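Colleague: Read off the chains here:
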Amino acid sequence: MMKHISIIYRLFLKELLTLLRDKIMFIFIIYSFSVAIYLGAVESSTELNNAPIAFVDEDRSTLSQRIIDSFYKPRFMTPEMISYDEIDKGMDAGVYTFVLVIPSGFERDVLSGRSVDIQLNIDATRMLQAGIGGGYITAIINQEVNAFFANPEFVAPIELVTNYKYNPNLQSSWFGSINELISNILMFSILLAGASLMREKEHGTIEHLLVMPLNAVQIMLAKIFSTLFVIMICVVFSIFVVVEMFLNVPIIGSIPLFLFGTFLVLFSTTSMGIFMGTITKSMPQFGMMFILVVLPLLMLSGGITPYESMPKILQYVMYLSPTTHFMEVAQAILFRGAGLEIIWLDLAAIFLIGLFFFAFALLTFKRSLE
Amino acid sequence: MNYVVKIKDVSHFYKKTKAVDNITLDIPSGCIVGLIGPDGVGKSTLLSIIAGVRKIQSGNVEVLGGDIKSASFRKKISSRIAYMPQGLGKNLYMLLSVYENLEFFGRLFGLEKNERKKRIDELLKSIGLYEFKDRAAGKLSGGMKQKLGLCCALIHDPDLLILDEPTTGVDPLSRREFWKLIELIRKTQKEMSVLIATAYMQEAELFDYTVAMNDGKILANTTPAELLKITKTDNIDSAFIELLPKKQTKEHRDFPISEKSQIQNDILAIEAFELTMKFGDFTAVENVSFKIKQGEIFGFLGSNGCGKTTTMKMLTGLLIPTHGDIRLFETPIKGHNLEMRKDVGYMTQSFSLYNELTIKQNLFLHAHLYQIEKSLIDARVEEMLERFYIKKYEDALAHDLPLGIKQRLSLAVAVIHKPKMLILDEPTSGVDPISRDMFWKFLIDLSREDGVTIFISTHFMNEGERCDRVSLMHQGRVLASDTPQALAESKDKENLEDAFVEYLYGAMDKEEMDESAIAIDKSSHKEPSGFFSLLRFFGYAYRESLELVRDPVRLVFALLGTVILMFVMGYGISMDVEDLKFSVLDNDQSPQSREYVEYISGSRYFLEQEGLTSYEELDEKMKRGEIALAIEIPPNFGRDLKKGSNPEVGAWIDGTISFRAETIKGYMEGLHGTYLSELSNVDAKPLVGVEMRYRYNQDFESLNSMVPAVIPILLVFIPSILMALSVVREKELGSITNFYATPVRKLEFLLGKQLPYIFISMISFLGLMLLAVYVFKVPVAGNFAVLFFGALLFVSATTGLGFLMSSFAKTQIAALGGTAIATMLPTVSFSGLRDPVSSLEGVGAFIGNIFPATYFINISRGIFSKDIGFEGHYFDFVALALSIVVITSISLMLLKKQER
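Sequence order for the protein chains is A and B.
Here the first sequence is numbered in numbering that gives the first Met the number 0, starting from 0 and rising by one per residue.
Here the second sequence is numbered in numbering that gives the first Met the number 0, starting from 0 and rising by one per residue.
Please note: incorrect hints may appear among the correct ones.
[To be verified] Cβ pair distances, simulated, as ranges:
| id | chain 1 | residue 1 | chain 2 | residue 2 | range |
| --- | --- | --- | --- | --- | --- |
| 1 | A | 259 | B | 784 | 51 to 59 Å |
| 2 | B | 602 | A | 243 | 57 to 65 Å |
| 3 | B | 892 | A | 203 | 55 to 63 Å |
| 4 | A | 235 | B | 555 | 35 to 43 Å |
| 5 | B | 780 | A | 203 | 50 to 58 Å |
Hints listed in this document are in silico derivations from the structure and should not be mistaken for laboratory results.
Since the structure is predicted, the reported quantities are computational estimates derived from the model, not experimental observations.
Idealized CB from N, CA, C, for every residue including glycine.
Please work from the sequences and hints to get the whole structure.
Modeller: Here it is in structure tokens:
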């Protein structure tokens with residue numbers, strides 16, 4: 000046993016040295032776990048932000064002005080006033096996502112109790128902004144109209160009070176940072192582990208290892224642990240320095256538990272990387288496969304598009320990906336403060352999937368060497 | 000006397016290592032000049048400087064009457080120089096056939112079609128490769144590769160031919176043929192100057208003029224005859240040793256091969272019975288048997304590709320023979336006997352240790368991996384450093400060392416664990432005579448004193464003579480096997496080399512080369528044409544396409560990859576938030592509360608889960624992520640409602656994923672509102688209605704908005720990565736030298752490599768369009784031709800981006816990772832996929848505005864959904880075109896036409 004550990008340790012050191020020697024790669028890694036996380040969190044908010052809006056005000060009344068004035072930053076850009084003929088041009092060019100048309104006689108009709116329609120043109124190619132914005136705009140208009148009436152007798156028969164749990168002000172950078180972190184964990188673990196095997200294959204050093212009294216498990220474990228080690232350090236740095244200090248994301252859950260989850264998921268993804276390294280023959284092939292695997296995993300694990308809204312079949316398929324479970328685990332631990340008793344099943348799933356990939360990689364690795 | 004090259008005060012450093020030390024040298028024109036000396040003395044550096052391939056650090060070099068420092072002069076003379084770098088087939092393309100390789104070089108040197116064909120045929124016939132013209136270069140033997148390399152160098156009839164160790168690693172017969180060729184070429188091309196570096200000192204006798212180098216300095220510079228006279232020796236090998244500073248030669252003395260050792264007994268160390276190895280149809284080794292006694296030195300001699308390496312790999316267990324048995328120390332070897340491996344030391348033909356580790360780190364690593372006892376390791380590593388004279392390099396990276404030193408390191412690694420048996424695959428190729436003698440002394444010590452059995456393959460016949468017994472191999476079969484003396488005598492020859500060549504002729508029935516065939520017409524010399532040559536551009540484009548087509552796996556990935564990704568993502572990515580799970584904490588349980596809840600759960604957005612009984616349960620379930628929304632209905636809800644005292648309903652939303660939370664809130668408020676208006680039958684319609692018109696996508700379907708955005712995304716990743724890898728691969732494998740050494744311009748190289756990838760990406764684009772229109776049923780409202788044109792500009796930009804990334808990366812891993820990282824964030828977050836760029840701020844807005852994907856997403860959406868013509872996208876097209884210009888210009892600036 001000690002013998003195995005000592006061999007794996009030596010191979011592990013070698014992997015680390017190799018990794019550190021590729022300075023460009025090293026810079027990429029550092030960038031990805033610092034600047035990229037920060038940018039990804041801050042700059043790519045999913046809230047309604049600066050939505051470009053324009054008005055065609057054919058009424059030019061106090062009420063219409065009041066409505067127009069109620070749209071301001073940061074949710075909306077300062078509204079632009081355009082004429083009816085300019086709508087098509089502006090929307091075609093994508094200058095505005097929303098154009099509201101307030102018909103002439105609007106205030107008069109409202110005051111006389113007739114019901115009036117305001118036309119809201121939405122650029123539906125911008126799915127996210129369009130979806131959230133539509134509801135927002137409706138709510139703002141109704142609020143303004145009601146306030147205009149200042150009808151003290153008007154009270155809704157049922158009051159709805161909404162609260163956001165875990166993120167009261169709904170700041171997208173909270174989850175955004177973690178989502179970015181998980182993406183980078185996934186990308187680098189697969190890339191580093193798989194490519195380090197490919198590199199040995201292309202440079203012929205793998206043969207050298209195989210004539211020595213070593214076995215495939217030792218070689219694989221060394222690659223897995225070295226990748227795991229480097230990425231764990233990056234994750235710790237990211238969580239404490241970038242996420243907590245710079246982004247001020249309050250983490251209510253247990254970070255050690257999260258790191259344990261990261262450890263498990265890294266075991267899974269590095270095994271996947273090695274598996275991919277064994278079944279491809281050259282770096283360009285590996286590169287193509289890498290993209291083909293990583294992109295869907297990134298997009299479909301629940302960070303970018305809501306998991307429950309995907310087609311059922313895809314949900315089942317994605318259940319076989321460690322990242323789907325990890326996405327759940329990360330949210331549960333970091334934001335909802337969940338403990339082991341809640342997420343143990345997901346952790347177990349991650350580990351089992353990892354074990355499966357490891358066994359599979361081992362099998363193909365051994366076969367590819369013969 | 001005329002001089003073709005005048006070198007003055009040239010020095011060259013690699014980081015801190017001095018490779019060339021203040022050399023001043025004039026090389027006479029019109030003759031064969033040999034640069035002799037062991038590896039790592041600066042021969043290759045000097046030659047690459049002369050060829051204009053490497054940048055001069057200090058000093059002046061005049062080649063063909065002009066300053067090689069000047070870029071414009073290099074352009075002018077690049078078609079008069081031919082340079083063949085060191086390494087078997089280093090500048091050839093292994094996937095291309097012999098003919099295609101030559102065609103490529105022909106195009107680079109501006110030979111028009113007819114002339115090219117005529118010249119290639121002539122060259123191939125005279126060099127004897129004509130019958131192999133359709134064979135892939137990768138499948139040629141080492142000797143043939145070098146002949147092909149020579150052909151490629153001669154294609155444009157150069158005035159100065161520079162060959163860097165053309166015969167290293169080539170078998171004796173091929174070597175003889177190679178030199179015969181050079182001689183014949185010289186006979187017809189009298190004015191051609193030939194500059195050759197070699198580590199085989201004997202070859203220097205063929206030269207008109209010899210320059211002996213050591214340690215970055217010139218030792219002697221005269222004719223071979225004169226050299227022998229000065230040093231009072233009878234062969235160049237000894238002459239060279241005489242020339243060396245006395246300090247270095249102290250170690251060296253002729254040593255006798257001691258008699259067979261007393262230890263030698265009748266234990267059989269290696270036994271092989273009828274070994275056969277087949278790879279598909281190809282039989283690499285056929286029926287090879289031998290028995291080697293303990294302590295014996297057994298030599299394996301043969302031409303390249305004759306099966307030596309394969310046999311050795313079978314002995315080490317790396318390959319399992321198709322047929323036959325192997326016994327080591329009278330134990331049959333099975334696949335994975337780890338203990339047995341501790342008794343074997345192995346050294347591969349090509350250097351296969353870790354380039355990125357230092358010498359010391361390599362030694363320590365192997366000492367540990369061979370599980371040498373911890374207390375012995377330090378001493379053992381030290382011993383190896385001393386024994387192989389690599390102590391002074393101990394902290395240098397293996398990568399930075401010359402071949403000869405690397406080979407010494409390989410040997411040190413192979414014996415660090417004191418194995419009982421050594422398997423050495425051409426250990427001395429490329430090693431200088433002193434080191435080689437030292438190396439043999441060490442082998443003999445091992446064999447005679449420690450009883451180590453040595454199985455060695457070599458090209459050097461004088462090494463073969465030092466073995467106890469040798470086998471001569473050819474095409475997978477053993478021709479003869481005996482002591483060297485007996486073999487020589489059997490063919491009535493004085494030495495083993497002549498005997499071996501006899502055996503080879505016997506085996507091959509080879510016709511004598513037809514000398515009269517060497518009559519190559521002079522090529523019409525042309526100055527390399529100006530700024531941009533279509534021929535050279537096409538040469539690169541055609542070659543890149545061929546390589547792509549010959550690697551079907553990569554091709555299929557490249558073509559189908561985007562389509563598969565689109566399929567997965569088109570189905571999976573959806574901004575519709577649906578089927579959200581919610582639970583109700585109903586503290587009232589009245590008909591009114593149930594009605595309210597039913598109204599909510601009746602919508603397609605929400606799926607009701609089991610009811611909640613307490614706040615704690617609400618917390619718990621939300622923590623587990625089982626519900627995304629909880630509705631809390633207060634006690635007496637029904638009664639209050641009837642009384643008109645405005646009860647409050649609480650909605651708790653999981654805020655972890657903010658955009659999901661926001662959508663849930665929107666749904667909830669909407670449902671609540673409509674419920675209220677239904678409840679108060681007074682006025683079913685709110686006073687001010689907002690009539691939503693979802694333009695361009697009436698039903699507000701996710702797919703219709705996602706597909707036009709996903710197409711641009713996919714056309715970023717795969718094209719840029721393919722491109723980046725293809726350039727860095729040339730750097731890693733060495734064929735980038737052709738870019739340095741031929742008249743090809745930067746722009747021709749860049750665009751030539753780019754073109755095939757643009758083509759492939761456009762095919763992918765068409766596949767994506769088919770998928771979008773016929774599978775996802777997303778209609779194209781606008782003009783397809785405009786979209787196609789936009790895509791063309793876009794993939795030109797993204798492949799250009801890949802090229803740009805390749806200027807930063809030295810390794811393929813870095814190219815792959817870097818390109819993925821550099822394109823992922825801008826594409827997914829800042830190019831308008833989710834939020835329009837106009838809504839971004841700060842860095843995001845800046846990146847979004849300069850990233851080409853932004854503009855193509857505009858175009859794609861405009862044409863798919865909005866039916867906007869070319870005029871409407873005028874700005875986007877200009878932006879895309881501009882980005883191509885900018886990206887290409889930066890790439891050109893970063894692309895260097897010389898090595899450092």
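Colleague: Could you check the structure against the hints above and give me the numbers of any it violates, in ascending order?
Modeller: Numbers 2, 3 - these are the hints that the structure violates, sorted from lowest upward.
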